[in-house]
Amino acid sequence: MDLKSYIDLAYIVSSILFIFGIKMLGNAATARKGNLLSAVGMFVAMVVTVFYKEVVDYQMILAGVAIGAVIGWIWAMRVQMTGMPELVALFNGFGGLASVLVGWAEFEFGKSTDPVTQTAIYLAILIGGVTFTGSFVAYLKLAGKMSGRPTLFPAQKAVNAILFLALLVLGVVYVMQGPAWALYAIIVLSLALGVLGVLPIGGGDMPVIIAFLNSFSGLAGAAAGFVILNKVLIVAGCLVGTSGIILTIIMCKAMNRTFGNVLFGGFGAAGGAIGKAVEGEMKGISVEDAFYALEAAQNVVFVPGYGMAVAQAQHAVKELGALLEKNGAEVRFAIHPVAGRMPGHMNVLLAEADVPYEQLCEMDAVNPTMGQVDVAIVIGANDVVNPAAGDDPSSPIYGMPIINVHEARTVFALKRGKGSGFSGLENALFFRENCRMIYGDAKETITGLVAQFKG
Amino acid sequence: MDTLILLLFVFVLAAFLGFELIQKVPSQLHTPLMSGSNAISGITVVGAIIACGVAEGEFGKWLGFFSIILATINVVGGYVVTDRMLGMFKKKGR
Chain A
1 MDLKSYIDLA
11 YIVSSILFIF
21 GIKMLGNAAT
31 ARKGNLLSAV
41 GMFVAMVVTV
51 FYKEVVDYQM
61 ILAGVAIGAV
71 IGWIWAMRVQ
81 MTGMPELVAL
91 FNGFGGLASV
101 LVGWAEFEFG
111 KSTDPVTQTA
121 IYLAILIGGV
131 TFTGSFVAYL
141 KLAGKMSGRP
151 TLFPAQKAVN
161 AILFLALLVL
171 GVVYVMQGPA
181 WALYAIIVLS
191 LALGVLGVLP
201 IGGGDMPVII
211 AFLNSFSGLA
221 GAAAGFVILN
231 KVLIVAGCLV
241 GTSGIILTII
251 MCKAMNRTFG
261 NVLFGGFGAA
271 GGAIGKAVEG
281 EMKGISVEDA
291 FYALEAAQNV
301 VFVPGYGMAV
311 AQAQHAVKEL
321 GALLEKNGAE
331 VRFAIHPVAG
341 RMPGHMNVLL
351 AEADVPYEQL
361 CEMDAVNPTM
371 GQVDVAIVIG
381 ANDVVNPAAG
391 DDPSSPIYGM
401 PIINVHEART
411 VFALKRGKGS
421 GFSGLENALF
431 FRENCRMIYG
441 DAKETITGLV
451 AQFKG
Chain B
456 MDTLILLLFV
466 FVLAAFLGFE
476 LIQKVPSQLH
486 TPLMSGSNAI
496 SGITVVGAII
506 ACGVAEGEFG
516 KWLGFFSIIL
526 ATINVVGGYV
536 VTDRMLGMFK
546 KKGR
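Those protein sequences? They're chains A and B, same order as listed. Letter by letter, the first sequence follows residues 1 to 455 of our numbering. Letter by letter, the second sequence follows residues 456 to 549 of our numbering.
These aren't lab readings, by the way, just hints derived from the structure by calculation. No experiment lies behind these values; they were computed from the predicted model shown.
Computed from the model, here is a short list of chain A residues facing chain B with C-beta under 8 Å:
#, residue
1, 99
2, 229
3, 244
4, 360
With a straight-line Cα cutoff of 30 Å, these simulated BS3-like cross-link-like pairs (lysine-lysine) come out:
#, chain 1, residue 1, chain 2, residue 2
5, A, 33, B, 479
6, B, 516, A, 4
7, A, 326, A, 454
8, A, 443, A, 145
9, A, 253, A, 157
10, A, 443, A, 454
11, A, 253, A, 23
12, A, 283, A, 443
13, A, 443, A, 326
14, A, 23, A, 33
15, A, 231, B, 516
16, A, 231, A, 33
17, B, 479, A, 23
18, B, 516, A, 53
19, A, 231, A, 23
20, B, 479, A, 231
21, A, 253, B, 479
22, A, 157, A, 145
23, A, 4, A, 23
24, A, 4, A, 53
25, A, 454, A, 283
Chain B stretches covered by chain A per the calculated footprint, using a threshold of three residues with CB under 8 Å from any CB of chain A:
#, stretch
26, 499-509
27, 534-540
C-beta atoms are modelled at their ideal positions from N, C-alpha and C, and glycine is treated no differently.
The whole structure should be built from the sequences, with the hints applied where relevant.
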């Protein structure tokens with residue numbers, strides 16, 4: 001056997017480690033070990049690649065790996081859990097850009113003149129480029145560096161369609177004849193498509209788009225694998241691509257929407273919302289009165305949303321939960337799959353605050369028991385608890401599975417102001433007879449309740 | 456052409472495997488699953504190493520070099536951040 005065969009054997013080992021890694025990431029008991037296994041797989045793949053006989057410049061490789069490792073490690077260690085969505089988006093974008101550069105580098109080496117390799121280069125650049133700028137715009141939106149609202153402009157869909165068509169035509173030209181100008185144009189237009197594609201997507205739809213871009217970065221890697229005819233790239237990239245699609249589908253189902261609707265819907269744009277006008281008025285309650293109700297409660301459910309992340313209220317919420325439990329109440333946290341800005345966002349925040357794992361409940365587990373709940377506390381969640389999703393067919397979110405807090409005996413809704421949620425909808429919950437609003441910063445409100453319990 | 460067919464075979468089988476691998480994930484694992492698989496997508500680093508390691512083509516080599524940096528950030532950052540998150544989950548639990 002020659003050296004190349006040994007390298008390929010090592011790639012098989014890497015692939016097996018990736019497969020087990022992803023599999024184990026899907027199970028709470030094994031997730032951490034799974035992550036470690038896949039890291040070992042990556043290490044093996046990187047080390048053996050250096051032994052290719054074409055690879056001669058070790059210093060530059062080492063320098064690149066060292067720089068990247070230090071930057072990645074520092075960012076990953078320093079990030080606050082509240083900053084997790086934007087960091088994941090940023091890392092994802094870097095992966096996409098790396099695939100673009102690999103495709104481009106192969107083009108510059110000039111060895112790729114057959115249509116098959118050129119198709120692969122085209123796909124690696126197209127998918128990688130969209131992933132890069134798409135993730136970067138998502139990063140800007142999540143980090144609050146630009147508005148989380150959908151950015152719409154006239155003829156947006158037409159512009160995107162023309163861009164897409166141009167990319168198709170350029171692709172054909174490049175694959176058939178391979179001129180450099182076509183490739184450069186493809187790079188530029190792919191980057192533009194990523195920006196324009198994510199701009200119209202609003203904050204509440206971010207969980208879907210983040211999961212999708214994650215899947216896309218894997219496919220970009222697989223395409224790069226076809227460029228350099230490397231099997232481990234194809235296997236690993238494809239695994240990430242397809243398992244990412246599963247997550248995307250889970251997110252779409254949690255909103256009762258199709259993926260196309262998320263991409264092209266411009267959901268939540270100003271003025272876009274319809275639905276029945278809600279009758280009645282919102283009734284406020286003071287922190288003191290809320291405390292008396294909570295003190296008597298036997299069964300309390302917290303429903304956190306993006307507002308909890310914004311107010312950084314998770315530690316105060318944990319403290320209140322612990323006090324309620326000491327007071328003899330059963331305490332649970334009901335987590336909607338798309339609450340927050342990325343899949344599993346609320347779980348990460350509550351885990352950071354040391355909320356006991358057993359108290360974190362999924363929507364389907366909590367809903368049947370909602371009738372026995374004395375107090376449901378909604379913290380900065382809005383659309384995911386809007387009963388219009390269940391009983392108002394004219395509502396844009398009709399059919400979306402929600403946490404049925406309106407079935408609880410009493411609902412306290414913590415909210416900054418009287419404005420509507422991400423979707424621009426009035427929330428019918430807030431007008432219900434059993435709902436009381438507590439206005440103000442969520443963290444201050446919760447801290448106030450904690451003080452009442454202690455005092 | 457033979458190579459291409461072989462690689463397409465690999466791709467298609469990996470695609471089916473990827474769909475089967477993750478079916479019912481508890482929602483508390485959605486973020487770690489995403490950031491962990493995100494780290495795996497940094498596998499492009501292998502291609503970047505090959506592009507950067509060759510002696511020829513100055514410009515292409517530099518593209519490979521920057522690609523290594525970016526992909527390694529993706530890989531190392533992704534794994535470390537996932538491990539941190541899962542560490543928080545694990546502290547209690549059982």
